[in-house]
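As you go down the protein sequences, you meet chains A and B in turn. With my numbering, the residue at position 337 of the first sequence is 881, and numbering never jumps. With my numbering, the residue at position 14 of the second sequence is 558, and numbering never jumps.
Think of the hints as simulated: they come from the structure by calculation, not from any bench. It cannot be assumed that every hint is accurate.
Note that identical chains are pooled: a pair holds if it fits in a single copy or bridges any two copies.
Unchecked claim - Subject to a maximum C-alpha distance of 25 Å in a straight line, what follows is the list of computed SDA-like cross-link-like pairs (lysine to any residue):
| hint | residue 1 | residue 2 |
| --- | --- | --- |
| 1 | 631 | 579 |
| 2 | 722 | 884 |
| 3 | 774 | 914 |
| 4 | 631 | 573 |
| 5 | 722 | 593 |
| 6 | 631 | 575 |
| 7 | 722 | 909 |
| 8 | 692 | 768 |
| 9 | 799 | 857 |
| 10 | 631 | 572 |
| 11 | 799 | 849 |
| 12 | 722 | 615 |
| 13 | 631 | 784 |
| 14 | 722 | 852 |
| 15 | 973 | 945 |
| 16 | 973 | 952 |
| 17 | 774 | 572 |
One letter stands for each residue in the lines below.
There are 2 protein chains.
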Amino acid sequence: MRRALALIVLPLLFRSLIFGQEAAPSAEHAQTVARVLLALILILLGAKLGGEIVERFHQPAVLGELIVGMLLGNLSLLGFHGLDFLKNEEILALLAELGVILLLFEVGLESDIVEMKAVGLSAFSVATAGVIAPFLLGWGVSSWLLSKAHRLVHIYVGAVLCATSVGITARVLRDLGKLATPEARIILGAAVIDDVLGLLVLAIVSGLIRAADRGTATVPIERLVWIIAKSVGFLFGTIWIGQRLSPRLFHLASKLRVHGMLLVTSLSFCFLMAYIAHAIGLATIVGAFAAGLLLDQVHYRDFLERGEHRLEEALRPLTTILVPVFFVLMGIRVDLSSFGRTEILGFAALVTLAAIFGKQICGFVVWERGVNRMAIGLGMIPRGEVGLIVAGIGMTLVVQGERIVTPPIFSAIVIMVMATTLLTPPLLKWAFLRTAVIERTLSKSACDGERA
Amino acid sequence: MRRALALIVLPLLFRSLIFGQEAAPSAEHAQTVARVLLALILILLGAKLGGEIVERFHQPAVLGELIVGMLLGNLSLLGFHGLDFLKNEEILALLAELGVILLLFEVGLESDIVEMKAVGLSAFSVATAGVIAPFLLGWGVSSWLLSKAHRLVHIYVGAVLCATSVGITARVLRDLGKLATPEARIILGAAVIDDVLGLLVLAIVSGLIRAADRGTATVPIERLVWIIAKSVGFLFGTIWIGQRLSPRLFHLASKLRVHGMLLVTSLSFCFLMAYIAHAIGLATIVGAFAAGLLLDQVHYRDFLERGEHRLEEALRPLTTILVPVFFVLMGIRVDLSSFGRTEILGFAALVTLAAIFGKQICGFVVWERGVNRMAIGLGMIPRGEVGLIVAGIGMTLVVQGERIVTPPIFSAIVIMVMATTLLTPPLLKWAFLRTAVIERTLSKSACDGERA
């Protein structure tokens, strides 16, 4: 009885707190703070509840966070608009971005640069195949179904399918405890290279569309060369400089005796690399991953000797709070109402299939033996926020006064991004589980053979 | 030589990264992320460097953070405008607010509610005296020096002096390891009550000014009664409900097995209390402090038993990163150019003295024996952001079409806030040190006496 009463009274109280607020001093900032506090409470508790529920169904926690986000973000479909602010709160978007930066930094810390280099060729093959195949498939599907659309629409659909969002896959690999496997190294390396290739595809497509708008049909080649040069320059340059600079940086920092220097120095290094990556045009998370990759326990042994916590331990509380913000917010931004539009569902379904099968070729171009090729193909599936960014750019491009990417096409792309993001966690988990079962069966039949 | 070269090249590189950026996809958000990353690097490294330097002069680290902030925020005086964005970045302001909320939550966790109640009478006396005396002194100084100003200006100056910003004092007490002393409990308790009294003063002053604007001279009494009722209601109501609710909340939460539940539940509780405090019109940090006070290790023993970190340990990395953002930003917002205006320095100096001496009466109304009365008086000095908020409200109030608080008066108020904030850390440290020396001398002379 008392519990039932609380269930009735608390939401009412909550409602009146949201809507019945009086204007406070320095009103606008204070209101923002209040909204963000409320949003954080909902996101954090929702994330944990969602994670708990899907873990009981043996799924990675991130899937629950995405679903909780979808629920929070689509209450407006039921007529409740009290949470609509979650979608547009710039500050939540920034906390989410910090969350995924820290996640990739953490993943980078758990990765070893020597082992990454060892799978470099496979990562490069995977990334290249994972750009070409989905591009061709997307182009094909678009040409077939949207035969009346502008030629550039097909290129745009193909370009969107090239993207890989490594956030989801990295998180699932961590949830499953598979970060130390060769599959994880290949996927992460390929995702970094994919980001560079994606930049290139984006530049080509934007160039083509701008050229079409002017009536020509060429992309300045020197622009493409410059993009390749600076991206590759970043990857190799920062790794080369970083490997030499970071030990000195940490040695210098260790001379300061104030509390928390290890965490502050490491985060500053991570943020700096993320910033440089951004300045070059790459994703911030590529920089953060590179920063994590470069840091090694040797660099900060001075800190450990004087009793500071290990960096991984100090990072944990930060990622515990910020990482779910990223994934719940990704769910919040999913607009379920686009699923209701039957006229686009057919196209959306085929684009989604193209997105999924296009990346499955990745598993076949791995050079190492004995790796789980299926897991690699599945790990490359999610398009996530990268796909949405590319899709969003397409929306703004105009050929001869007309937007060539119409809202229905965009909605179909959004559905594809959602589907690939939601399907990856269970598929990836299944791929790893499946191998484990096969291995167990094989070793069992081997034993049986010996016994016989 | 190589080091000298690095000193030349790195800033140049940095400069080109700030100014030479190309527009990236989804430009505005990405630019914000880049700015915030840059700001965080500067703030975090600057805070640690500043803290280190002042600690070598045996001063609390927070003083160094304030000074570094003042340097970063006033580079524009030297003609460098590349960091001006730090002052107006809404997202930094929010991270800072989260920082001070977590600081007061942490301080609340280290405080004991029973011990707080034991000094309740003294805290109430200190808060009351610390509102009345500065109000009268401020009024007096203003009447004397600004004899031609509107009568309400004097009330406004008095009202600004009532505020106490507990953030600085709490931080200094923690830096000095004095949070467990009766002085700390009295100051923290008084600061909470002061916040309620401050609300009241603010309501009276705003009411008087609005009444003067309409030509009447009364404040609706029912409004004041309502403010008192809801503030007192919050303090006692939430403590009463919280004490009963939090054990259940944590018991419920402990049934979820996902990682990080203790931290997430505690932070959600803290944010909820901060939100409620804000909704009532109190400062968010009062709610956060109350949340920390209510939480006790018994409430989350279930979590500890299954091996989660102690809450204080999990909070540490979060406060290590976010708390300096608050204090550096406080420094950044100090506008040193107001010091250059000699015509207001006399008024500013007297208002500052009124602010300092007005709070010294606090030490004399403590009922306990053997406490460091000087430390209590000094601990109540800083006006910090609370004073600035009240001052800012005054700026917006208009009597019969004219702003009664002119920019020079406002600048003087800002100088007073800065001075009280910067003086508190060294003064408070000195007060505690002084007692220690006296005690040592006394016990030494007692020993000498015995020996003789």
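Here's how the hints hold up against the structure:
| no. | hint | result |
| --- | --- | --- |
| 1 | 631 with 579 | both (12 Å within a copy, 22 Å between copies) |
| 2 | 722 with 884 | neither (37 Å within a copy, 61 Å between copies) |
| 3 | 774 with 914 | neither (35 Å within a copy, 68 Å between copies) |
| 4 | 631 with 573 | both (18 Å within a copy, 14 Å between copies) |
| 5 | 722 with 593 | within (23 Å within a copy, 39 Å between copies) |
| 6 | 631 with 575 | both (16 Å within a copy, 19 Å between copies) |
| 7 | 722 with 909 | within (21 Å within a copy, 63 Å between copies) |
| 8 | 692 with 768 | neither (30 Å within a copy, 70 Å between copies) |
| 9 | 799 with 857 | both (22 Å within a copy, 24 Å between copies) |
| 10 | 631 with 572 | both (18 Å within a copy, 16 Å between copies) |
| 11 | 799 with 849 | within (13 Å within a copy, 37 Å between copies) |
| 12 | 722 with 615 | neither (29 Å within a copy, 46 Å between copies) |
| 13 | 631 with 784 | neither (40 Å within a copy, 35 Å between copies) |
| 14 | 722 with 852 | between (28 Å within a copy, 22 Å between copies) |
| 15 | 973 with 945 | neither (47 Å within a copy, 69 Å between copies) |
| 16 | 973 with 952 | neither (33 Å within a copy, 66 Å between copies) |
| 17 | 774 with 572 | between (41 Å within a copy, 22 Å between copies) |
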